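Asker: Taken in sequence, the protein lines are chains A and B.
Just so we're aligned, residue 1 is where the first sequence starts under my numbering, counting upward by one.
Just so we're aligned, residue 1 is where the second sequence starts under my numbering, counting upward by one.
Heads up, some of the hints might be wrong.
Cross-link-like lysine-lysine pairs, in silico, BS3-like; alpha carbons within 27 Å at most [to be verified]:
id : chain 1 : residue 1 : chain 2 : residue 2
1  : A       : Lys154    : A       : Lys64
2  : B       : Lys334    : A       : Lys217
3  : B       : Lys50     : B       : Lys376
4  : B       : Lys252    : B       : Lys376
5  : A       : Lys38     : A       : Lys154
6  : B       : Lys376    : B       : Lys296
7  : B       : Lys333    : A       : Lys217
8  : A       : Lys38     : A       : Lys64
9  : B       : Lys329    : A       : Lys217
10 : A       : Lys38     : A       : Lys69
11 : B       : Lys334    : B       : Lys26
12 : A       : Lys38     : B       : Lys376
13 : B       : Lys212    : B       : Lys252
14 : B       : Lys334    : A       : Lys38
15 : B       : Lys252    : B       : Lys26
Bear in mind the hints are in silico, worked out from the structure with no lab data behind them.
In this text the structure is predicted, and so the values were computed from the model without any measurement.
So the chains spell out like this:
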Amino acid sequence: MFRIVQNRRVFLAISAILIVASIAAVAFFGFREGVDFKGGTMWQFRTGDGDINKAQEVLTAEFKGTEVKLSYASDGSVLARFPEIGEADHQRALAALQARFPAFEELSFQSIGPSVGAALRNRSLLAIVLVLIGISLYIAFAFRKVYQPISSWKYGFVTLFSLFHDVAIPAGLLSVLGRYEGVEVDSNFVVALLVVMGFSVHDTIVVFDRIRENLLKDRGREDFSDVVNTSINQTLARSINTSLTLILVLLALYFAGPASLEFFILTLLVGVTTGVYSSIFVASPLLVVWQRLSLKK
Amino acid sequence: MKRNSSLLLVLIILLAVAAGVFVYPKGIGSKWREWHLGLDLVGGSHLIYKVDLSEVKDTERDSVLAGLRDVIERRVNLFGVSEPQVYLARSGNETNLVVELAGVKEISDAIRQIGETPMLDFREVAEAGTSTEFIPTILTGRYISGAQLSFNPTTNAPEVSITFNDEGAKIFEELTGRNVGRPLAIFLDGALIEMPTVQQQISGGQAQITGKFTIQAARQLVERFNAGALPAPVTLINQQTTSPTLGTDSLKTAIIAGIAGTLLVMLFMLIYYGYLGLFAVIALLVYIALTLAIFKIVPITLTLAGLAGFILTIGMAVDANILVFERVKEEMKKGFSRAAAMHEGFRQAWPSIRDSNTSTIITAIILYFFTSSFVKGFALTLFLGVVVSMFSAITTTRLLLDVFAKDKKIHKHNE
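Please take these sequences and the hints and turn them into a complete structure.
Answerer: Below, the structure written as structure tokens:
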């Protein structure tokens, strides 16, 4: 049996450091918003020789006075980002690029007006709020039966906290990536966070269910922390395996899948991995900490 | 019971094999029914137009919008695009018109032609000293029911004859009656093209636009009027175009990643759970075939995000098996016989399988209703995948265990 509860200080400290770092990253760096939130143009193309500087020259000349940012996508194509333009400007710039690069190939072009972006951002925020409410109701439902020595709402609260944990860490990562790698946060990012919430809340509930079951059987003969540790160990294989199968699929998508989904998959990957960690090493140990604190009073 | 299980299992396997043949992209299945793939997988354009309703009365909004949609649909159909989609999307007070064009090579041409719509309107003329003022009237292209190319009998110049619908005819009659002996201005796309003097009140709703057209320009105008003039102006506010190259590439890599992911999951199940894992592998194959068949029958337009959602459910579908197998292991440790352990395992694991999918289902439903069309594809496949997996993993695995695991046990008893 693994002594998880007994070594909780180490595990909780790791989480605390990661969460504080994530919150600090989001607070200081913020997020780099993608074109689908703030409006703008995202243009993906291949120049043939892959020379980003020449493309930069052409586009800077075409769009005087506006900032044109170029970067490489993970498949070697060029990503250009600049403010929203109309179809006429698009055609003009396209002609200029085609004239400069004989093997020019347009892969995708996306130009979004600021109002569309704002609407999408608002709806994403609404979706986040609704998913939070939905999952909270689900948690309330899951913990509707009350058992001692720790009251039902505490399980719910700890579950919500571990949800926050699972979402905060990938959010922090994307914030850091935005600052140093220019990675943008778009509606896919929001979707990934919501999927992480929906997926990882359950592992925590499985462990808690087992804790309550064992408490009922045990009827206070054993120390609470021992019951919790036994429960974690009993459910360890299923907590890890159910997430591991998803992680395997995500790894395949990350390394072999389409480049445009790269950061969507990365967010999911980090979130689901954090979810396994939190359901084993954070949620249940926190219950023990809480119970100890209330005993001291 | 055993015979029933065997029969049901055979049925499910046959159904899955049939589904597998049906969904396989090359073969009999595709002759019967094609896969519906999203614009981001086949290449195409997703265009959002903002509709300017400022000149339209509140009571007429719905009919104007419906008319606009129909007009653009007819116009888009002229490009010969396969299955173009034109629909209205309301968000708050704003109404947008969405146009989806798949596989158009010259997207920019198509965009230009949708945008280059004849906005025809008649304006009254007020002479104020040397300057001429044009006063807009309510008579616009939306009252036109048809147009024809004709030639002026004396000068032989091409003309465009337009016919108004009943309502338009009444307005035109009233307008010409009010302006006998005075000029009436005809504007096309906001530019004055003609200012004939009204000779007499015109009833019957017929009008000629003489202009100075070439035959080709007149013919094009007639075509567009017959497709319908736009009842309200539109502006392109959002464009998302994917080249067929990138689309095909995304599709290919997503499928490769999906297959790789599935194999990894199967390998893991076999290594960790041994012969039990084999049942999970069969159940997973059944799940994949059945779910894809459902996608194809409904039909669901598979986008890249939708495909990603489905691939994720492959990793989630075996969760039900894992929960059952872990329970079975526990029951066997308690000293139950294998058959009893399996029975108990299924019984006890069901609530947690149901619960484990509930939160994902909640998320998928909310995502479906509150986000953009691209996220919808993801939410839909995620939702369907999770629902199907709940039942397929349980039913298939249970039948497999019923049939094969019990056989072994009975065999031992006989020995």
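Asker: Taking the hints in turn, state whether each one holds.
Answerer: Hints and how they fare:
1. Annotation: proposed proximity of Lys154(A) to Lys64(A) is violated, straight-line Cα distance about 59 Å (limit 27 Å).
2. Our distance criterion of 27 Å between C-alpha atoms is met by Lys334(B) and Lys217(A), whose separation comes to about 15 Å.
3. Annotation: proposed proximity of Lys50(B) to Lys376(B) holds, straight-line Cα distance about 21 Å (limit 27 Å).
4. This hinted pair checks out: Lys252(B) and Lys376(B) have alpha carbons roughly 22 Å apart, not beyond 27 Å.
5. At most 27 Å may separate the alpha-carbon atoms for a hinted pair to count; Lys38(A) and Lys154(A) exceed this at roughly 39 Å.
6. For a cut-off of 27 Å, the pair hint linking Lys376(B) to Lys296(B) stands: about 17 Å separates their Cα positions.
7. The hinted pair formed by Lys333(B) and Lys217(A) meets the criterion: a straight-line CA distance of about 17 Å does not exceed 27 Å.
8. Our distance criterion of 27 Å between C-alpha atoms is met by Lys38(A) and Lys64(A), whose separation comes to about 21 Å.
9. Restraint check: the Cα-Cα separation between Lys329(B) and Lys217(A) comes to about 20 Å, which is no more than 27 Å; the hinted pair holds.
10. Restraint check: the Cα-Cα separation between Lys38(A) and Lys69(A) comes to about 15 Å, which is no more than 27 Å; the hinted pair holds.
11. Using a Cα cut-off of 27 Å, the hinted pair Lys334(B) and Lys26(B) is violated, with the two alpha carbons roughly 50 Å apart.
12. With a CA separation close to 20 Å, the supplied pair Lys38(A) and Lys376(B) stays within the 27 Å bound.
13. Distance check on the hinted pair: Lys212(B) and Lys252(B) sit about 53 Å apart at the alpha-carbon level, beyond 27 Å; violated.
14. Restraint check: the Cα-Cα separation between Lys334(B) and Lys38(A) comes to about 59 Å, which exceeds 27 Å; the hinted pair is violated.
15. As the CA atoms of Lys252(B) and Lys26(B) are separated by approximately 14 Å, the hinted pair is consistent with the 27 Å bound.
The structure does not agree with the numbered hints 1, 5, 11, 13 and 14 stated previously, though it agrees with the rest.
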